[in-house]
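**Q** Under numbering that gives the first Met the number 0, think of the first position of the sequence shown as 0, with each following residue one higher.
Treat each hint with caution, since some may be false.
[Stated by the list, open to error] With a cut-off of at most 30 Å between alpha-carbon atoms, the simulated DSBU-like pairs for lysine-lysine come out as follows:
1. 135 / 60
2. 80 / 135
3. 80 / 60
Hints in this document: simulated from the structure, not taken from any laboratory. These numbers come from a predicted model, not from an experiment.
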Amino acid sequence: MENAFTLPGAAGSAQSAARPDITLALTRGVARLFRDLGLAPMAEFRLPNGRRADMAGLCPKGRLVIAEIKSCEADFAADDKWEDYLGFCDEFYFAVNAEFPCALLPSQEGLILADGFGGAIVRPPVERSMAAGRRKAITLRFARQAAARAAHMIEESNR
0 MENAFTLPGA
10 AGSAQSAARP
20 DITLALTRGV
30 ARLFRDLGLA
40 PMAEFRLPNG
50 RRADMAGLCP
60 KGRLVIAEIK
70 SCEADFAADD
80 KWEDYLGFCD
90 EFYFAVNAEF
100 PCALLPSQEG
110 LILADGFGGA
120 IVRPPVERSM
130 AAGRRKAITL
140 RFARQAAARA
150 AHMIEESNR
């Protein structure tokens, strides 16, 4: 089974893997922002199409938010997978740090500026709405992945 606990970008682009400190800080900041917004965050959420969203958040009403973390311009330029996530979320954001050239990012998608301590939504996304059947399947997938991770943590703590 593939390790579901890798950092965003660690198995992805060479640019992301070359900037693990920035990627980790952005991941931490986005997770904190999602929690502050009342979302349950999950890093590396595996979607039904086999893609892994860097960060996903599930709100109490069942809406799913995805953030694609970009550590640098080259990381964004090398990635064409992000559009594959759009059908599996209600809101989609790019999450970058303050040094990122934000003008490169598609204007219809949301924008989060983050660092290792938190983040802020600086541009809201175009809202999408998943069909009820897809929402149910995604919510179940989110719950099962969260439960599997919790079980893994319990197992690891017993070693």
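**Q** The structure should be examined with respect to each hint, and the outcome stated for every one.
**A** Evaluated hints:
Between the alpha carbons of residue 135 and residue 60 the distance comes to roughly 12 Å, so the proposed pair stays at or under 30 Å and holds. Note on residue 80 and residue 135: the hinted pairing holds, with a Cα-Cα distance of about 23 Å set against a maximum of 30 Å. Pair hint residue 80 plus residue 60 holds up; C-alpha atoms about 27 Å apart against a cutoff of 30 Å.
The structure meets every hint from the earlier list without exception.
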